[in-house]
Amino acid sequence: MPVEITSFLFSKPYGTAVVDWLLERMEELPQVLILVPTAQSGRRLRQGLAERGALLAPRVATTGTLMQVDGLAADSVEVLAWTEALESVNDWEDYKAIFPESPESDGAGWALGLAKAFVEVRKSLQENGLMVGEAARRVRVLEQDRWEQLARLEREVENHLESWGCESKSAR
Numbered sequence: 006m007p008v009e010i011t012s013f014l015f016s017k018p019y020g021t022a023v024v025d026w027l028l029e030r031m032e033e034l035p036q037v038l039i040l041v042p043t044a045q046s047g048r049r050l051r052q053g054l055a056e057r058g059a060l061l062a063p064r065v066a067t068t069g070t071l072m073q074v075d076g077l078a079a080d081s082v083e084v085l086a087w088t089e090a091l092e093s094v095n096d097w098e099d100y101k102a103i104f105p106e107s108p109e110s111d112g113a114g115w116a117l118g119l120a121k122a123f124v125e126v127r128k129s130l131q132e133n134g135l136m137v138g139e140a141a142r143r144v145r146v147l148e149q150d151r152w153e154q155l156a157r158l159e160r161e162v163e164n165h166l167e168s169w170g171c172e173s174k175s176a177r
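As numbered in our numbering, residues 6 to 177 make up the sequence shown, in order.
Treat each hint with caution, since some may be false.
Unchecked claim - Derived Cβ-Cβ restraints for the label pairs, each shown as a range:
{"#": "1", "residue 1": "E9", "residue 2": "E139", "range": "26 to 34 angstroms"}
{"#": "2", "residue 1": "E33", "residue 2": "L117", "range": "52 to 60 angstroms"}
{"#": "3", "residue 1": "G112", "residue 2": "E139", "range": "31 to 39 angstroms"}
It should be emphasised that the hints constitute simulated quantities derived from the structure, not laboratory data.
Glycine is no exception: its CB is placed at the ideal position from the N, C-alpha and C atoms.
Please model the complete structure; the sequences and the hints are all you need to start from.
Have a look at this one:
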């Protein structure tokens, strides 16, 4: 099947235009790959198709999936790296913009919950081809201290992954 790239004009809402176009080709849907900018837009697209009766949906993926390569650190390894980076912080004053109070006071397991949240933040950025450090440079005005401190933690995560012989998803 030849590759076909289709762009849509803004004469009607984007989601509606895409769903209409896809429904005109309903028999081809199982063979179609649609790249969307975010996971949320993918969910909305699948929902729109389901509401309009498309039983066999196309494959929907974010542009970030094109960058996925075998051999990269698994999510669980990234969670561990974030946990290690957080637990190795000696002076929380250096991270006051992110953590006004030391998170260690939250009891056992405090780092794991934060690590999982940071992995999700990083995934969202990676879907758009960004690392935390790059996001920090782009949002110089909005909460710059917080982004810079988060980027410093991300560098620690990258160091942990490298020392374990793992390649970060952000490295490519």
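Contradicted hints - numbers only: 2
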